[in-house]
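Chains A, B, C and D, in that order, give the protein sequences.
Here this note's numbering is used: the first residue of the first sequence is 19, the next is one more, and so on.
Here this note's numbering is used: the first residue of the second sequence is 19, the next is one more, and so on.
Here this note's numbering is used: the first residue of the third sequence is 19, the next is one more, and so on.
Here this note's numbering is used: the first residue of the fourth sequence is 19, the next is one more, and so on.
It should be emphasised that the hints constitute simulated quantities derived from the structure, not laboratory data.
Errors might be hidden in some of the hints.
[What the hints assert, rightly or not] Quick list of the computed label-pair ranges, beta carbon to beta carbon:
no., chain 1, residue 1, chain 2, residue 2, range
1, A, Arg76, C, Arg35, 43 to 51 Å
2, C, Glu32, A, Ala81, 22 to 30 Å
3, C, Gly130, A, Ser131, 29 to 37 Å
4, A, Ser131, C, Arg35, 42 to 50 Å
5, D, Arg85, C, Leu127, 23 to 31 Å
We put the beta carbon where it would ideally sit given N, CA and C, even for glycine.
There are 4 protein chains.
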Amino acid sequence: MSRDVTTEVERLAERLRDFARARDWEQFHTPKNLAMALAGEVGELVAEFQWLTPDESRALDEAAFGRVRSELADVTAYLVRLADLLDVDLIEAANAKLLENERRYDSDLYRGSARKAPPLTS
Amino acid sequence: MSRDVTTEVERLAERLRDFARARDWEQFHTPKNLAMALAGEVGELVAEFQWLTPDESRALDEAAFGRVRSELADVTAYLVRLADLLDVDLIEAANAKLLENERRYDSDLYRGSARKAPPLTS
Amino acid sequence: MSRDVTTEVERLAERLRDFARARDWEQFHTPKNLAMALAGEVGELVAEFQWLTPDESRALDEAAFGRVRSELADVTAYLVRLADLLDVDLIEAANAKLLENERRYDSDLYRGSARKAPPLTS
Amino acid sequence: MSRDVTTEVERLAERLRDFARARDWEQFHTPKNLAMALAGEVGELVAEFQWLTPDESRALDEAAFGRVRSELADVTAYLVRLADLLDVDLIEAANAKLLENERRYDSDLYRGSARKAPPLTS
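Please work from the sequences and hints to get the whole structure.
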């Protein structure tokens, strides 16, 4: 991955940094607090889906889609802000994890089975 | 934001899509289920910080940092996969939300106060 | 609700209090930290159900049932401990909320519709 | 634990059961969905504490206390409803887990150390 250009994740991180600094909110942005904020936003995201069947969750109406998109924005913002504070490159970390899993979960062996190997990543 | 090049988030989304398809796991990857998986991973992330003071959470030891980085990777993977299924551009959505908040939370009015205006985004 | 006898929730709270005190762990048991611990355990609980269909979640196999029961125990312990620290009577609070909702969600008006009125309580 | 009298948890479970039945909402109350609802409510609870220091979280002002109590009520309701569906006795399960932990975490060995043995239960 060429790192000689600023990526869109880095630009968002920078903008969040400026936003916090301009309001003197950096004092609240400890990793502990940001992890909690992330959990709060993910809770709101999950709540959007709680009474839907899995099929219904694939076909959100416009109002629900708008709310979900808004929650995804919040989750992204806190995740990128948290990773920035910890100096973790999220995309690089996710790609590294995925590489491990591509090896660990052989595509023939684990085909179609959520019992044997459900995860995307862990 | 010029969209004529594939971004790193899009490349990760594509790779996750291929990973799921190769194992016939797309059947499990409904938005409802992925939101749950995301909540599970965020729970693991929060657990890493639960007994630390806010200050300690800024200075993780190497072992804790490794675990946190790994959880951040998992959260990122499920978030990107979920957004891909819903056809949401996470970075664009987060930037749009941030723009709203830059206007809503005047930097002088809300300076230093988490009571008045805690959020990064919501 | 007659309060002249110690309830089973109170007895559990007391036992958790003793457990923490005997290990000098009260210093870690702030409401903030316990809320995080609760979120971590609920994340583990949700993860147990993430790839199951709603129907499958009604008919857990023995191994899954054992894990779910164990997670429910953890969630209960942290919830009771947190409420004890804040001096909240969980059962009384839940009953009060439910009374509100019995009035708010008329049983004829809201019959069968999760769109109109999804919650149990909120 | 003598089980010849109905406990307050059982009475709450029964009342929640009636509440759901009267509105024909049992169809939405699968364990999967209720675990999600629980995660959503715990997310709201965590959000109440996210910008507070651990010390501040011990001394909530009246408004914050009211909101926290309300979230604790919601968490309790969904937890009791979920356990009722799965036929798990929450208090018994928590007591059994605690007994294990009383043995596992020797009170002298683990004194004062969240590194060695952070949990209440797990």
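- Message: When the structure is checked against the list of hints, which entries are broken? Sort them ascending.
- Response: Per hint list: single violation, 2.
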